[in-house]
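*Asks:* Per the numbering used here, the very first residue in the sequence shown carries number 12; after that it's consecutive.
In short, the hints are calculated from the structure, not lab data.
As the structure is a prediction and not an experimental result, all values here were calculated from the model.
Note that beta-carbon positions come from the ideal geometry of N, C-alpha and C, so glycine has one too.
One should not assume that every hint holds.
If you anchor each label on the Cβ, the simulated ranges turn out as follows [to be verified]: (1) ALA50 - HIS30: 27 to 37 Å; (2) ALA49 - ARG26: 32 to 42 Å; (3) ARG15 - ALA50: 32 to 42 Å; (4) SER45 - VAL65: 23 to 33 Å; (5) ARG56 - GLU29: 49 to 59 Å; (6) LYS66 - HIS44: 51 to 61 Å; (7) LYS63 - ILE22: 27 to 37 Å; (8) ARG56 - LEU36: 51 to 61 Å; (9) GLY20 - SER60: 56 to 66 Å.
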Amino acid sequence: MNDRFDSKGNILNPRSMEHDREMQLLKNMESVHSRKKAAFNELLRYTYSNLKDVKNNDSDNNNS
Numbered sequence: 012m013n014d015r016f017d018s019k020g021n022i023l024n025p026r027s028m029e030h031d032r033e034m035q036l037l038k039n040m041e042s043v044h045s046r047k048k049a050a051f052n053e054l055l056r057y058t059y060s061n062l063k064d065v066k067n068n069d070s071d072n073n074n075s
């Protein structure tokens, strides 16, 4: 039998279930934050790479 319910199906510790839900929400939020951070870092790398290319092209055009 599940340790969260008694033999009649009553919840033994509702606060524990609430805590579990809160912890799951926290894990989900951390996961979303981690993915956003990774996407932002990728955007920065892409932008920096393009800026370097623009700068290099600009200096090549000035030397011509």
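*Asks:* Of the hints stated earlier, which fail here?
*Replies:* 5, 6, 7 and 8
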